[in-house]
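Protein chains: 6
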Amino acid sequence: MSTYFSQGDEVTLFERAHRRQLPMMITGPTGCGKTRLVEHMGERLGRPVVTISCHDDLTSGDLVGRFVVAGGDVIWNDGPLTRAVKDGALCYLDEVVEARHDSLAVLHSLTDHRRTLYLDRAGQVLHAPREFMLICSYNPAYRSSLKDLKPSFRQRFVTLAMDYLPPDREAEVLVAESGIDRPAAERLVRCATGIRTADQIFHLEPPSTRALVAAAQLIAAGADELHATQACVLAPLSTDGAITDGLREIAAAALSTDRTSTT
Amino acid sequence: MSTYFSQGDEVTLFERAHRRQLPMMITGPTGCGKTRLVEHMGERLGRPVVTISCHDDLTSGDLVGRFVVAGGDVIWNDGPLTRAVKDGALCYLDEVVEARHDSLAVLHSLTDHRRTLYLDRAGQVLHAPREFMLICSYNPAYRSSLKDLKPSFRQRFVTLAMDYLPPDREAEVLVAESGIDRPAAERLVRCATGIRTADQIFHLEPPSTRALVAAAQLIAAGADELHATQACVLAPLSTDGAITDGLREIAAAALSTDRTSTT
Amino acid sequence: MSTYFSQGDEVTLFERAHRRQLPMMITGPTGCGKTRLVEHMGERLGRPVVTISCHDDLTSGDLVGRFVVAGGDVIWNDGPLTRAVKDGALCYLDEVVEARHDSLAVLHSLTDHRRTLYLDRAGQVLHAPREFMLICSYNPAYRSSLKDLKPSFRQRFVTLAMDYLPPDREAEVLVAESGIDRPAAERLVRCATGIRTADQIFHLEPPSTRALVAAAQLIAAGADELHATQACVLAPLSTDGAITDGLREIAAAALSTDRTSTT
Amino acid sequence: MSTYFSQGDEVTLFERAHRRQLPMMITGPTGCGKTRLVEHMGERLGRPVVTISCHDDLTSGDLVGRFVVAGGDVIWNDGPLTRAVKDGALCYLDEVVEARHDSLAVLHSLTDHRRTLYLDRAGQVLHAPREFMLICSYNPAYRSSLKDLKPSFRQRFVTLAMDYLPPDREAEVLVAESGIDRPAAERLVRCATGIRTADQIFHLEPPSTRALVAAAQLIAAGADELHATQACVLAPLSTDGAITDGLREIAAAALSTDRTSTT
Amino acid sequence: MSTYFSQGDEVTLFERAHRRQLPMMITGPTGCGKTRLVEHMGERLGRPVVTISCHDDLTSGDLVGRFVVAGGDVIWNDGPLTRAVKDGALCYLDEVVEARHDSLAVLHSLTDHRRTLYLDRAGQVLHAPREFMLICSYNPAYRSSLKDLKPSFRQRFVTLAMDYLPPDREAEVLVAESGIDRPAAERLVRCATGIRTADQIFHLEPPSTRALVAAAQLIAAGADELHATQACVLAPLSTDGAITDGLREIAAAALSTDRTSTT
Amino acid sequence: MSTYFSQGDEVTLFERAHRRQLPMMITGPTGCGKTRLVEHMGERLGRPVVTISCHDDLTSGDLVGRFVVAGGDVIWNDGPLTRAVKDGALCYLDEVVEARHDSLAVLHSLTDHRRTLYLDRAGQVLHAPREFMLICSYNPAYRSSLKDLKPSFRQRFVTLAMDYLPPDREAEVLVAESGIDRPAAERLVRCATGIRTADQIFHLEPPSTRALVAAAQLIAAGADELHATQACVLAPLSTDGAITDGLREIAAAALSTDRTSTT
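Protein chains in written order, with the UniProt record's numbering: chain W, 1 to 263; chain Z, 1 to 263; chain B, 1 to 263; chain C, 1 to 263; chain A, 1 to 263; chain R, 1 to 263.
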């Protein structure tokens, strides 16, 4: 089983929802570990994970399947959701808020007491086994009137709110994934924390743990800390000159102060 | 026959409409039991229920059927509406307000004195048997100029307005479905009632009976009452910090007051 | 021949238009009897009626036909309009204002001196027989800049403006269709007339004869008059609390006054 | 050759354009005789007329043709424009302003010195014979920023502006087409002239000669003059009560004054 | 080789761009001779010309080709752009501003140092031979925020700005193409020049040389000069009465003054 | 290996990202050398480059592949992204900001620790080999609310910000690519620098190195410097007369001053 750095009681909540056959909605900022939690729970519960990246163009046919022509005949081809139901898998709809709401209607009967998938076009009705669980995720920071999930849809799920790891654990992750030393990891985390705090001023998407890992990997490959931070953490945040300068000051301060203090 | 907790005379009204071959429109908030009523009436009247979840992308072809290629030949494939007409089933269009209005035009001749389904593409005309009944549902709280049902469409149906169960019966449902004890069920219902009352202030979708059942199930699985309420009842309502705090206060008060008073 | 309750000279006007091979446009509020007139004229003139419910998604291919693959070959499949022309039928386009205007272009050559249907894709030209007649209907109360019929389209038709039946005849219809007694029918009609008069204040779609018939049928099945009126006549009109209360007062007054005066 | 009532020198202009191989654009109000002129010129020049009713959904494939599957093989199927080019026909695009502008791009090379049709998908290039002529029509009264023809497109054509016939000739048409007597025809024309004059006030589409012919035919079938005028001339103009009343006064005056003066 | 009336050094610039393998963008008002220049250069350079009329519906598949079914098998069918690359032709995209910008992305690799066409769907990469040249044209007078070409796209081309011929040469063209005498040609050109000058006031698309040629041809066919000018030059410009009157005055003055002065 | 003129440490950063299996986002103005860098790195790392020009119409099927019919059977056809993953290629998505965001969702699992491509429709899961690298590019100057990349997407990449070459190196490129002499190259660069500086005033897309190379090639083919600059550098920038005049002054000054000073 791969190492998983837990934030709190999310593993327990997930297990309880799975035991009571309740679907789960995981919320949290980009790159805070939502996908990793699902992968970890799949290993822990001994169930396969079927991942579906949601997008505007995902049709209900893409989810449940469709008829295809093969060898001159027409046969039904299960979609990933149907396969997950049949296999009793954990079915993970990543960034569900990106999906067209009409594609989500097919999930309704799977998320209430029916736990049933209606394959209207195939003329079949599937009852989900106990092991099957539906998990969705989204980032509540992206709220727009057009794409916000319907309240009645959100009420169908047990909601698990995730956030960034606490600084200590985040530094631990950087060391484990890139091989840089602990002080350098702490400098990067301090830099991220500084920007996340300044976030209220800049109205930016805060830097993710994933971006910190990338910076750590460039450093491990020989890059200068400030350059690596610039390329992986600062540059993706904004292309506005003034903001970029402000961010660089925060980063430079965090990286050098820290270095002084740890040497 | 599964247990059904009735709200009033909805079963009688449904039976009369069925006897006089009138279509029915069920309105009411999310998760108040519309789907369960239809399932219950199917059992009671001894008719199969064909459920169709409506969405923007549902074409009239999805409802009535289409030609498909099979074994090199083209054959007509009945859609769920056509199958329901042929089987004398209860055909249930869930959240009909989500459907494109043009897809609904095919229902017109089924909802007046003709009780006829025109399959233009197949060149067939089907007369619905006495047993067939069309039921639609929608939540009138979701009114938008774009998606509101046309008045002339609504006038084609006998309208049944449902609401949440009274507190006593709602607690009864929680006990029956999750196995928690009666006082805990009452605490959860009191919590929901508090939020539903505060609804005028917060402008939120009020919590559904379905969400309460989910919280009850997490409690039955060992979760703390406040945490379960947070995950299943409060978190889906809003991601706005201030509102979330207000909701948590209401919930904490309802859960603790109640506990004190019942011990 | 089924009973038809005429409003005035609409049968004569229809016959004259048919004799002179002129197409007809029937206007009037929802459920005032447009469809029934066409069915009646079909019986009277001894011609089949082909009904097409118009909607946004109706293509000209749906009207005139298309090529389909059958047994490995491609054959032309007549649409309902083409079949109606070939059979000399009455072709009835219900709620024509709902159709996309581009789908209606195919009707132009059928509605002027040419009386010709060009099947461009099939490479055929059909001349309509004397018996063929095109009838369209729409409800002028639904006027929106987007969907209003083009004036040049409306000028292609003899226009027949229908309205609700006078109260006496409307009560006659209720008795004939539901079996309730005459005084109860009169109470329902008085109730409808009251709301139709109040219509200028509430800006609602007025209740249709069809909705009154449904209420009469529930009453015949044992329902209370006020409840039946609520479910079939009032509830479909509005979900706004204040308006609903106003409507219920009008209904209660009409139903009770009447009962007193007839006993 | 069918009778054609000419307005002025339109026949000469048409013949000159045909002789010099220039395309023609005919403008004028609805029902003023544009289609009849093209039919008449087809007879006069001894060329077939291919009519295409333009609409929003007309693709360039509908105009030039497409590949279709037949007997397991794929064969090219000429569209009406391609057939017209090959046959040296008069190709008439009725209401060209309704077509999507992108569908019209295929006409460019046919309307300049090239007189060539590029069938990109079929890989063919067709040179139009001398006899071929492209004619388009539209009603300039329907000007909207969205659908107005591009100036560069209009400049590709010789423009022929048509209008209603002068009263004498219009009455002549009514007599010829319906068989009513001359005084009645004159009353109808006076009525139309009155409304066309009042047009500046009412901002309506003025009544067409086609609508007058329909009224004349109802009169010939026994209808009262005012009723026939109401059904065929007034009712299509407006559904606004005040305007309708104003129109009826104009009509009643025109019909009665005239009757007095001619008796 | 057909006669070509050059405006200046456009032939030289075109030849230099061709020699250095640079793509060219020709700009200029409608009907000023852009298409004729490309045809002329094709003859001069001894290369075939492949013309593609751009429009909103042109897909990249229409440009590069697509798979089609033939004889039960699927074969790749080159589009006109692919054929032009293979043949080393001049590929002319007429009115490129009309094309959807996404269809133009396929041109990027052909318009920089790569001179390469990627046929992603066919899995092929084509290197353009030296002889191949891509030419686009558009009329900068049609600027709209929606359809303007992206600056980065325009920078990929050598830009050749064309305009109307000087009066003398334009009259020469009229004589050569229609056979009218020189004074009449000069009168027509003076008329056009007058309107082009008044263009700032009327905000019209100025009359093209093509429209003058059409007028000249009608005159050669016996039409009166003012009538021919009205039908081919004035009528396409506007349907607004006041503007039309203003234009006719300019035209009448230009035609008569001139006639006096030349007799 | 073709000559590459580096701007700074971009080659080193690229190599480090490749070694640590991190995806890269290259930003910079049009024609500053983004595409050339990717080609250069392909040669340097000994990996093939698969280029995909992004546009609005690019579907995820175009990226990953789709089922196609061949010889009566249905076979899976890899798209360029899938081929790049299988071949361990550098996969370059040019102007990724042009792509529909929903098409980009398929990239998520390739750009985090999973480095996995889910082919949902084919039912396959591909793990990218070490050699595979995903590179995207875009021009941050084109920012629009509709098309801006999501921050969470940008955070998945190491960002490399490119800009125009310094004047000396840009002149070097012009000499190398066109064969003009050094002083002429310097005059062109000075001209470009002048316009790029004036850019804040004119709000134009600044001229690219690519446009300067084109001008240099026309000069090498015998064109006058000012004419070549006009056709390749100034004309694509604007069609507004006043701006064009301003630009021409800057260009004339830069070209002549320079000439004087270098002679």
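None of these hints come from the bench; they were simulated from the model.
Any given hint might turn out to be false.
Identical copies look the same in the list; a pair holds intra-copy or inter-copy alike.
Under the rule of at most 20 angstroms between Cα atoms (straight-line distance), these lysine to aspartate or glutamate pairs were calculated in the EDC-like manner [as the list claims (entries may be wrong)]:
id, residue 1, residue 2
1, LYS86, ASP168
2, LYS150, ASP240
3, LYS150, ASP87
4, LYS86, ASP120
5, LYS150, GLU172
6, LYS86, ASP163
7, LYS86, ASP240
8, LYS86, GLU177
9, LYS86, GLU172
10, LYS150, ASP224
11, LYS86, ASP245
12, LYS150, GLU249
13, LYS86, ASP224
Computed from a predicted model, the values in this text were never measured in an experiment.
Hints and how they fare:
Proximity of LYS86 and ASP168 under a CA criterion of 20 angstroms is satisfied in neither setting, with 41 angstroms inside one chain copy and 39 angstroms between copies. Taking the closest pair of Cα atoms, LYS150 and ASP240 come within 20 angstroms of each other only across two copies (15 angstroms); inside a single copy the shortest separation is 34 angstroms, beyond that limit. In this assembly of identical chains, LYS150 and ASP87 lie within 20 angstroms of each other by CA distance neither inside one copy nor across copies; the values are 29 angstroms within and 34 angstroms between. For the homomeric pair LYS86 and ASP120, the shortest alpha-carbon distances inside one copy (16 angstroms) and between copies (16 angstroms) are both at most 20 angstroms.
When the C-alpha separation of LYS150 and GLU172 is checked against a cutoff of 20 angstroms, the pair qualifies neither within a copy, at 37 angstroms, nor between copies, at 28 angstroms. In this assembly of identical chains, LYS86 and ASP163 lie within 20 angstroms of each other by CA distance neither inside one copy nor across copies; the values are 32 angstroms within and 35 angstroms between. Taking the shortest Cα distances, LYS86 and ASP240 never come within 20 angstroms of each other, neither inside one copy (49 angstroms) nor across copies (38 angstroms). Proximity of LYS86 to GLU177 under the C-alpha cut-off of 20 angstroms is found in neither arrangement, the shortest distances being 35 angstroms within a copy and 25 angstroms between copies.
Taking the closest pair of Cα atoms, LYS86 and GLU172 never come within 20 angstroms of each other, the shortest separation being 38 angstroms inside a single copy and 33 angstroms across copies. Taking CA atoms no more than 20 angstroms apart as the test, LYS150 paired with ASP224 passes in neither setting, with 46 angstroms inside one copy and 27 angstroms between copies. Taking identical chains as interchangeable, the C-alpha atoms of LYS86 and ASP245 are never at most 20 angstroms apart, the minima being 53 angstroms within one chain and 41 angstroms between chains. Taking the shortest alpha-carbon separations for LYS150 and GLU249, neither the intra-copy value of 41 angstroms nor the inter-copy value of 24 angstroms comes in at or below 20 angstroms.
For a Cα distance limit of 20 angstroms, the shortest separation of LYS86 from ASP224 qualifies neither inside one copy, at 50 angstroms, nor across copies, at 33 angstroms.
Consistency note: the structure conflicts with the earlier hints numbered 1, 3, 5, 6, 7, 8, 9, 10, 11, 12, 13.
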